[in-house]
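> Sequence:
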Amino acid sequence: MRDLIVSAEPGVSCKPIAAPSPRFLKRHTLRRDRAICAEIGRIAVRSLHAELTLYPKPGLVSLIDNGSHDDMSADTFMRSLFSLRHYFIRIAGAGFDDAPFAVLKQLGIEAEQRMLVATQGINTHRGAIFSLGLLCAATGRCRAQRITPSATAIRAILLRNWGDALAAHMQSIASDSHGFQAAMEYAASGAREEAALGLPSIFDVALPMLSRTLAAGRGWDRARIDALFALMAHVSDTNVYHRGGKEGAMTVRRCAQQFLALGGTAHPEWKIVALQCHRLFVEKRLSPGGAADLLAATCFVHLVICKVQQVGRQ
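If you count by the working numbering, then the sequence shown holds residues -3 to 310, one letter each, in order.
Hints should not be assumed to be uniformly reliable.
Listed next, with one range per pair, are the computed distances between beta-carbon atoms [what the hints assert, rightly or not]:
1. Lys242 - Arg28: 48 to 58 angstroms
2. Gly241 - Ala98: 29 to 39 angstroms
3. Arg250 - Arg30: 45 to 55 angstroms
4. His263 - Thr148: 47 to 57 angstroms
5. Asp160 - Arg30: 24 to 34 angstroms
6. Ala212 - Leu276: 22 to 32 angstroms
7. Ser207 - Leu276: 42 to 52 angstroms
8. Asp94 - Met246: 37 to 47 angstroms
9. Phe78 - Pro204: 43 to 53 angstroms
10. Arg142 - Asp66: 15 to 25 angstroms
11. Arg275 - Ala34: 32 to 42 angstroms
12. Arg42 - His263: 25 to 35 angstroms
13. Arg28 - Met74: 40 to 50 angstroms
Straight-line distance between alpha carbons at most 30 angstroms, and here's what the computed DSSO-like set of lysine-lysine pairs gives [claimed, not checked]:
14. Lys267 - Lys242
15. Lys242 - Lys303
16. Lys280 - Lys267
17. Lys101 - Lys303
Worth flagging that the hints you see were computed from the coordinates, not collected in a lab.
The beta carbon of each residue, even a glycine, is placed where N, CA and C say it ideally should be.
Make a model of the complete structure from these sequences and hints.
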């Protein structure tokens, strides 16, 4: 027989109310958990869109032009983005359920296959599938444990739950990948090394830069620009090494450092300088795709934190 909840207030007559059954509570909890993972997935897609729509981005595809690429456009990225929307929800759910790294890896492999079908074989978001997927899983795990998602908490969960597996994964890079070839030839770090270290380029470089620009009142667009240039100045991008070798990597880093030395978007002519970098990268066929993937992941962490703060104010 169900327990009954009855008013204990003297002199008040009311009908007994049946307590929710365990089955009802289970369904309610399941709906709530699915809603949490769906929200994480939406933020991930929004973050990729925030990277795509930013301009000027030296050498990268945007809504304005194709940057240094002849084989992809904003339409290619939109098709890729659409193909990944369920992946981010699934991997958030896997993290929520404390799944082992093998499960996360398999979800990433399947997502990459769907991406390649959607883009007709063009690699638009391979790096983002990896880094952004891991952040979705870590955020899902935070929510499952009733831990308020913050930069510190997300990073700690990532390393605690999957750090050892990520370190082992770093040693198993496919030798036929461009990233592996660049890493071997130029000692450049890639997405796997970043993940094994807890994504320091996001948490130690790009996110603080993004936050400083926002705190200075320069807005979301300029904050993303500053974060991107900070990443280009910091990251040993295997995409750049593959396209331009050591000289190309030095060009990217030098341009980014010069932009930041001027004050970034605080400089009154920042857009002119950024466009000059863009034209130079296009001329030399340079594309800092690794920095772009990390920018999207940085946007994700920031937007997750903003969502928590928004809910807290309600």
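> Confirm or reject each hint.
Hints and how they fare:
Look at Lys242 against Arg28: about 51 angstroms separates their beta carbons, and that is inside 48 to 58 angstroms. Roughly 35 angstroms separates the CB atoms of Gly241 and Ala98, a value that falls within the hinted 29 to 39 angstroms. With their beta carbons about 48 angstroms apart, Arg250 and Arg30 fall inside the hinted range of 45 to 55 angstroms. Taking 47 to 57 angstroms as the suggested C-beta distance range, the pair His263 and Thr148 does not conform, at roughly 31 angstroms.
Under the hint 24 to 34 angstroms, the C-beta atoms of Asp160 and Arg30, about 29 angstroms apart, fit the expected range. Separated by about 27 angstroms at the C-beta atoms, Ala212 and Leu276 satisfy the suggested range of 22 to 32 angstroms. Checked against the given bound of 42 to 52 angstroms, the beta carbons of Ser207 and Leu276, roughly 29 angstroms apart, lie outside it. Checked against the hint of 37 to 47 angstroms, the C-beta distance between Asp94 and Met246 comes to roughly 43 angstroms, which is consistent with it.
The hinted range of 43 to 53 angstroms is not satisfied by Phe78 and Pro204, whose Cβ atoms lie roughly 32 angstroms apart. The hinted window of 15 to 25 angstroms between Arg142 and Asp66 is violated, with their beta carbons roughly 49 angstroms apart. Restraint check, Arg275 to Ala34: a C-beta distance of roughly 41 angstroms satisfies the suggested window 32 to 42 angstroms. Between Arg42 and His263 the Cβ separation comes to about 28 angstroms, which falls inside the hinted range of 25 to 35 angstroms.
Checking the proposed 40 to 50 angstroms range against Arg28 and Met74 shows it is violated: the Cβ atoms sit about 31 angstroms from each other. Restraint check for Lys267 and Lys242: the C-alpha separation of about 27 angstroms stays at or below 30 angstroms, so the hint holds. Taking the CA atoms of Lys242 and Lys303, the gap is near 40 angstroms; set against the 30 angstroms cutoff, the hint is violated. For the hint linking Lys280 to Lys267, the alpha-carbon distance of about 20 angstroms falls within 30 angstroms, and the restraint holds.
Between Lys101 and Lys303 the alpha-carbon distance is near 27 angstroms, which keeps this suggested pair within the 30 angstroms criterion.
In terms of the numbered hints stated before, the structure departs from hints 4, 7, 9, 10, 13, 15, listed from lowest to highest.
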